[in-house]
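Asker: Start from the sequences and build out the full structure, keeping to the hints where you can.
Residue numbers (this note's numbering), protein chains in the order written: chain A, 1 to 153; chain B, 1 to 769.
Worth flagging that the hints you see were computed from the coordinates, not collected in a lab.
Straight-line distance between alpha carbons at most 27 Å, and here's what the computed DSS-like set of lysine-lysine pairs gives:
#, chain 1, residue 1, chain 2, residue 2
1, B, Lys-247, A, Lys-83
2, A, Lys-145, B, Lys-703
3, A, Lys-63, B, Lys-247
4, B, Lys-336, B, Lys-743
5, B, Lys-642, A, Lys-145
6, A, Lys-71, B, Lys-247
7, B, Lys-581, B, Lys-743
8, A, Lys-71, A, Lys-83
9, B, Lys-336, B, Lys-269
10, A, Lys-83, A, Lys-145
11, B, Lys-574, B, Lys-642
12, A, Lys-11, A, Lys-71
13, B, Lys-743, B, Lys-642
14, B, Lys-247, A, Lys-11
15, B, Lys-642, B, Lys-703
16, A, Lys-11, A, Lys-63
17, A, Lys-11, A, Lys-83
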Amino acid sequence: MPSYTIEVNGKNLTVDAPEDMPLLWVLRDMLGITGPKYGCGINVCKACTSLLDGEAVRPCSVKVSTAAGRKVTTIEGLADGEKLHPVQQAWLEQDVPQCGYCQPGQIMNAVALLSRSSDPSDEEIDAIENVCRCGTYPRIRAAIKRAAELQSD
Amino acid sequence: MGRHKSAVAERPRRNTVLTTHTVGRRRFLTYLVAAPLLTLGTEAVMQATSSSTPASAAVPSPPSPEDVFDIGEALKLAATPTMPLVQLEVGADGIARLQMPRTDMGQGLLTSFTMIIAEELDVPLDRVEVTHADARPELLFNQITAGSAAMRTFYEPIRQMAAIARARMVAAAATRWDVDGASLGTDAGAVIGPGSLTADFGTLSAAAAALDLATSSIRPKDPSEWELVGTPTGRVDARDIITGQKKFVMDHMAGTAKPALVRRPPTIKGAVGEVRNAAQVRAMPGVVGVVPIPTGVAVVADTIEQARQGVNALEVDFGPGPVDGESNATILEGIKQHVQPFAVPPLGAATVEAEFDWAPACHAPLETECAVADVRADRAEIWAGFQAPIVAQQEIALMLGLPQDAVTAHVVAPGGAFGRKCFFEPATEAAQVSQALGMPVRLMWHRTDDMRHGRQRPQNYHRIRATVVGGQVVAYEQRVSAVALEVAPGFGEILTDVATSLPPRAKNTVGEKAYSQTLFLLMVSSPYNLGVYDRTLAEIGNGIPTSAYRSVHCPTTRTCEEIVLDEVAALLDKDPLEYRKECAKDAAAAAVLDEVARLSGWGRSMPEGFAQGVGFHKESKTLTACVVELDGRDPQDPRVTKVTMVVDAGTVINPSGLEAQMEGCIAEAISLTLTAGLHIENGLPLEGSYSNYDWLRMRHYPKDSTVHIMPSTNEDIGGIGEVGITAASGAIANAYATATGIKPRSFPIVFPVDFEPFAPGALPAPNLI
Ligand code: FES
Ligand code: FES
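Answerer: If you want it as C-alpha cells, here you go:
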C-alpha cells in the first residue's frame, strides 16, 4: 500500500493508504483528527471544510494522494496555541454556534473567504454553500463581517 | 392567560452529603446539595387559565386542553418526584458541578443551567461545570428531553438548590469566624466577612457539608437582583466548538472503535434476507467484519470509506417492505379517506373552506444517526445523542442479555436532533454489531440512508371550514388526517404516570386517548376565539417510521389555521393583523402583535410582486408574532426578504439563546414552508442528500431579520426550543398568497423533483479530486 506524508496542522504525518482514500477518513479514522465533520461525503454539505495550502477544500472529496506533500489545516490547527484566530474570536463575540456541528467547516470556509477578500460583500457571503441545519446563518454573516474588522485592525 | 404560581412546598430533609469527587487524578472532598422536592400546584394552573378574559369582538371559544394543561406541564409533573436525586456538588476546588439529566442538542440548556447556578450560588460562570448525566434509571421519568419542558421543569429546583448551597457556605464561614451569618455576603465564589476576611467556597465546602442548617426558609434571589440571568450570555461550550475540541458522537473512541456503515434495503423497512457474498466482502481491503442485523447488513472496516465500498459490494436478498409501490400521492389518497365530515352550516352563513397537505419531511440533523458501542461479555458502554437515555439503556440491556446496570448509556451532545433522537436505532445497531464481532464499533448512517430510511415528520392533510355569521366566526372546524406519529418509547409511560394525578379535565384528555392523540391535544391549541371550535386528528399507521419533529403538530396544523384566518379577514374586509388582535384569547397577544406591527412597518406599501404577511402563535406558554416580507415575483422561486419576530416567553434566562432559537425556528419555517420535503416514490424517498433536500442556505436567510424579546411580564418560564416555527410559517404562507395571488395549499410550496436521485440501496461515492 502506498505511503503518504502530509503536513497536518504543522506536523508531518505519514499514513499507508490506498491512493484514492478520501482525506476526511485519513484524518478522522487513521489519524484521529476529528475536527473536520462528516455530513454527506459527497462535497455537498461542506461540514468537512479544511484548508489545503491555505485554500478551502472538502476533504471528503479530496484523495489522500492529492494532499501528499502539502499543508493541511483543520479547525484544530487554526488557533495559535491559546491565541484564537480572528475568525474564531468573531465567532465567540457573535455567539454563533447552536449544536456546533457545522461550525468547524463554517469557520474554515470563512478563513479562506477572508484571505481571498478582506472585506467580503453580502453577495460573497450569500455564495457560501455550507449547510447549517440549526439556522445560525445570520450570526455567521455578522461574525464574518466582525472578523473582517478584527483582521484589518 | 393569568399567571400561575407553583405552590412551593419543601419537605424537611437532610439535603447534603459528603462525598469525594475525582477530577483527573485529583480527588476532592465535595458536598452535594439535592434539589428540593417542589410540588406543583396543578389546580392553580387550571384556575388561572379559566379566568382568562375573552376579547370582546370575537365569539369566545372554550379553553382547549392545551390552554389548561400542556405537554410541558405533564413532563414537569412526571419529573417532580425524582427531582431530589439531581444534585449540585461544590468541590474543595471551588467548582460547582451538576450532571444534567437533559440533552443539549444545540438549544442551549448547558448554558442556561450554568447561568442559574452561577447566579444563585454567586460564583463566576467558569467555576460551574454542567455536564450530561449518563442514563440514570432511578430518575424514572426525569430524564427525557422533549416538549420544550427542560427549563420549565428545572428553573425552580436549580435556583433553590444553588441558593441552599450558597447559604451553607455563608453559615460555614460564620461558624469559622464566629460571627453572625447575617453580616456576611458572597462575591465571585467566596464569602466576604468584616474587615478583610474572605473565604473561598472551596475551603468551606467540607465544613458546609457537616452543618446542620434549616433550609426551608432559604429563598432564591428576587429576579430584580439578578446580575447574570437575563443578560445575553455566550454558549458555555462555544470555545470547544470553535477550536474543534467538542466531541460529537462519532468523535468518541475514534482511535479504538472501528467505523461501520449499514447496507439497507431498497425500500423503507424492506425485509433483510441472505447475504450472498459475505466472504468476498470480508476479504476486501480494510474490511474487518460483515454482520447481518435486523435492519440491514453492517460492514465494519478500518475507515468509513472502506466500509462504504464494502456496503456497495454486498449482494443481499432483500424482501418487500410495508410501503413498496407507495408514493406521496397514494399515501395522500389513503389518509384523505379518513377525514370525517363537517357539521351542516347554519342557513345564510358564509364559509371559508380549504384543503391543505404537507409532504413528509426529514429531521436531517447535520450529524447523521450514529452511535458508538463497546459490548463485552459482562458489560457494555454506549455513546449516543440520546434524548431518552433510560429507555435506551433498558432496551439495549434486554437485547444484549445483560443486566440494566451493566450497560452504561453515555449521553453525548448530538449535532442536532429536532425530535429524532427520542428514538435510538443507531445505538441498538451499534450494540448488535459490537456484540457480534466482540469489538468496539462506531456505527454511522450515511447521509443518503439518514434521509431515506430515517424517521419522518408524517405526511398530513387538513380540511378546514370557518363559518361566518354576522361578521364573526361562529364555528371553526379542522379535520387533520395523517400518517401515524410514533410516540417515542418511554413517552407513553410518562403520560400514563401523570394521568392519575391530573385535574379532571386534563385527566380525560390524557387518560382516554391514544398517546399521539394526547400529544396533539396537549400541544396544539388555537390562540383565537373562533366560536365553536372542533379540531380532530385521524391517524393511519402504514409502517413508515415516524417521529416527533420540532414543534410536532403545530407548524402544519396551526399554519393552515393562520392561512384560513387571513382568508376570513379578507372576507370580512379586515386587516389581518388587526383581526388577529380582535380574535386573540390571550390578553398579552395585543402587545405582541402591536410590537411586531410597529417594528416591521406593517402595512407599508410594497412594490409589485412583493408582500407582507403575518402569523401569530402560542405554544408552551410562549407567544410569538411574526411579519415577513416576501419577493414573489417568480412564484417558483419565492424569497423571504425580511423577518420581524416578536416573542414573549415570560422570564428569559439567556436572551442570546432565546434569540438563537427563534433564528433556528425562522430557518425551519423558510425551509419547510417553501422548499424542504421528501418525495416518496416506490416505497423510498428520492432525496438522498442536501443537494436534493432543499434545506435553506445562507442566501435564503434574509439579511434583514430581527428578533425582539418582549420585556417579561410574568415569572413563568415559556418554552423556547420549538415555539417559533409556526408564526413564521404562517407569515411566509400569507405573504406568498398576497405577493403571488396564489393561495398556498400544498407544502412545501415549491417542490419539484429537479435532481437525479441516487440509485436505491447503494451509497453514493464522492467525485474525488
Ligand atoms: S462531508 Fe464533506 S462536504 Fe459534506
Ligand atoms: S450549529 Fe448546528 S448545524 Fe450549524
